[in-house]
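Enquirer: Now for the letters of each chain:
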Amino acid sequence: MTLELPVDLLFGLNLDLNLDLTRVMTANAIVLPVVLPLLAAFLMQPLAQVSRLLARLLGPLVLTLGAWIILNTWLEVGPAPFSVAIGGFAAPLGIVFYADQLALLFALAVQVFTLLFWPGLGVVAKAEAAADRQRAPRRDALALLLASAATGLALSGDLFNIFVFYELAAVASFGLVCADDSGRARIATLRYLFISAFGSVLALVGIAILYLQTGTLNLAQLAQVAPETLQGPIGLAAFALLLIGFGVKAELFPLNAWVPEVYATAPARVSALLAGLISKLAILVIVRLLILVFQQPEASQLLLVLGVLGVLTGEFSAWRAQDFPRLLAFSSIGQLGLVAIAFSIDGTTGLLAGTAVALHHLIVKSALFGLANRWSGGLDALAGAAKGAPRAAGLFVLFALSLIGVPPLWGFWIKLLIMVGLVQGGAPLDLLALGAILLATAVEAHYLFRVALRLYQPPVPDRALRLAPPARWDTGVAYLLGACLVVISVAITPTTEALRVLAQQTGDVLLYIDTVFPQPLADKE
Amino acid sequence: MRNIASLVFSAGLLFLLLVIGAELALGYPDMRVGAEYLRIAGPELGAANIVTAILAGYRGFDTLGELSILFAAATAASLVLGHRRADARRDPPGGLVLSAGADLLFPLLLVVGIFVVVHGHLTPGGGFQGGVILAAAFFVALLANPARTLNHALLGWIEGLAGAAFILIGLWTLVEDGHFLTPLLPLGTMGELVSAGTLPLLSVAIGLKVGAELAGLLAHLADTEAPDR
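Which chain is which? The protein sequence lines are A and B, in order. For the first sequence, the residue numbers in our numbering are 2 to 526. For the second sequence, the residue numbers in our numbering are 10 to 238.
Some hints could be false.
[As the list claims (entries may be wrong)] A few chain B positions that, by computed beta-carbon distances, are all more than 12 Å from chain A:
id	residue
1	I49
2	S77
3	L114
4	I123
5	F124
6	V127
7	L152
8	P155
9	G197
10	E201
11	L230
12	A231
[Unchecked claim] Here are the simulated distance ranges between beta carbons:
id	chain 1	residue 1	chain 2	residue 2	range
13	A	I493	B	G43	39 to 45 Å
14	B	N12	A	P61	56 to 62 Å
15	B	R94	A	L58	30 to 36 Å
[Stated by the list, open to error] Quick look at which bits of chain A chain B covers, simulated, 3 or more residues with Cβ under 8 Å:
id	stretch
16	38–45
17	229–238
18	301–315
Bear in mind the hints are in silico, worked out from the structure with no lab data behind them. These numbers were taken from a predicted model, which means no experiment stands behind them. A virtual CB, placed ideally from N, CA and C, is assigned to each residue, including glycine.
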């Protein structure tokens, strides 16, 4: 008799709990795009001994699944940011993932772009030598690790966890860069490794300083205590060290000596991933730190100065470059300088411009490196290439115009946005940056047009055209990205509005803190 | 030009470190998170070794990341290393003393390694440390007799399955409890071998993975052709 009521109550409770559980599960499933690639990478080599075909398909399958999970979570949970305590340990003690629109967007981009530039896709299996077939599972495992690490960088809300993923991305990229077994690539990798390790040590020192000053590495808690503990030179020193550390992958000015050699010798798709994707995620980490932890104006000024130097050195070096991959590498340094400048602008304008220029560069530079897969020689050898591949040459011109910022294209609106932001800032440093951007644009236009003209020249008869065999897949990807660029350029108003909402959400420090440390309802009133 | 740039950079870095040295209040760290770990880690996770409680419990996700870094390094190294012509000369065997010593050490290292791994939640040590000792057990034998080779396929299987076990435990807890890598299973009595829920299982997975990985990496290094002299 007495048992009936509690059972009923329990039932009702159970139902509620179940409903709640599905929501929690949806949100918690966001760890899967980080974890499943790791699982697949661990199992890749044993699997390759059982079935080579399955091992080849595993990577693309996992990435597709990851993209689907992220999209699904995004749609289910809606536009509001949410946080996930991994292992169920509440925020400052455990690790949290913080998923706002920016994080989800980049996490999705990681899956999609790794899939588009997957090393084994579109390569005919018969053409692969036996040695390559042995390497393929290892290379695929590294690519999966890179994807997992990049997704983690986008989502993580804990500074040490971010450092772990950053290291994972670094080590995986060392392996991918020299996967093709050429001596030059190995030398380039060695230099990359030294610079990267040096940067990581300094970043670790910066993290140690933060921990010593604040006693926590959770970004939300850091954001809470930063105004009291991280003002003054010590906070700035920590930021400088972290900037050096994360600046290595973000190709910031003094730390990008590895870039040209690595991009010129690595497989083109790996270059596309590093230049397009990984650099953006490193920048994303720097931006999160800038918004949440280092709010002093000197910090963004430091980023601005490095950005200006990056734009100038990158574009002038690209102007002098003699072959296509190196030209793209230097231009990538310049573009990332532009990203740094954009993010150093105060408030929503800066975040909007920064996100836009980062996405633009992600699309354009990845596609250009994809094209470089077929035009990997010196610039002279490109003469007349348009005749053999008119559509690829047309795509190159489209991307070049957008990079320079020719009006109807997206690149123009972004540069306009940055310049307006700089003029509104109005400080001498801002105006200097404005001048640098204008100068760099002129230089950029000159060298990109030079390449375009060479493509449409009549071929030089005595110089045999040594074009790589047409990489159909890469050209197809370039088409796809070109179509994206055109669509965004046409739908510029909705895109900018969507990005503005995203930027407002990203810049909201209180929202971040409240999401990670949800306050009981009683407290809010 | 490059020298000047590096000089300027080094000078800036030195200045930065000096500023930090002068400004930092060393010796009295703010224990915002640390004190909390000390207070609740024991009762919450039931592990006598708080370091393991933090590494495999609170920050188990970081540990998964670190495992992956080691895996990435081993994979990248195996892409670069291990090239050997079929007729390349090998180092001669190390002689009676070395091989007898290696034979003596092998069971000892194996036992110590397994002990350190299995007692990760009780005594100092754990998966990483024990795994390295396990790898050493196999590598000492290789040093004594360079002509011997390890079975890379088998190592690959152990490594892959151990890593997968770590993640599968996490996925199991995700399905069971809604959180990835949350500790499940009864905690038991602190200090006993079977206690602390899933922590010892994670520790064993880490130990096997690290051991197999490192053994494979060292074997690859040993297998790489020595330059002809």
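Enquirer: Are the hints correct? Go through all of them and say.
Expert: Hint by hint, here is what the structure shows:
no. : hint                          : verdict
1   : I49                           : 8 Å, violated
2   : S77                           : 5 Å, violated
3   : L114                          : 29 Å, holds
4   : I123                          : 22 Å, holds
5   : F124                          : 25 Å, holds
6   : V127                          : 22 Å, holds
7   : L152                          : 25 Å, holds
8   : P155                          : 23 Å, holds
9   : G197                          : 19 Å, holds
10  : E201                          : 23 Å, holds
11  : L230                          : 16 Å, holds
12  : A231                          : 19 Å, holds
13  : A:I493 with B:G43: 39 to 45 Å : 50 Å, violated
14  : B:N12 with A:P61: 56 to 62 Å  : 47 Å, violated
15  : B:R94 with A:L58: 30 to 36 Å  : 34 Å, holds
16  : 38–45                         : holds (count 6)
17  : 229–238                       : holds (count 5)
18  : 301–315                       : violated (count 0)
In this structure, the earlier hints numbered 1, 2, 13, 14, 18 are contradicted, and the remaining ones agree with it.
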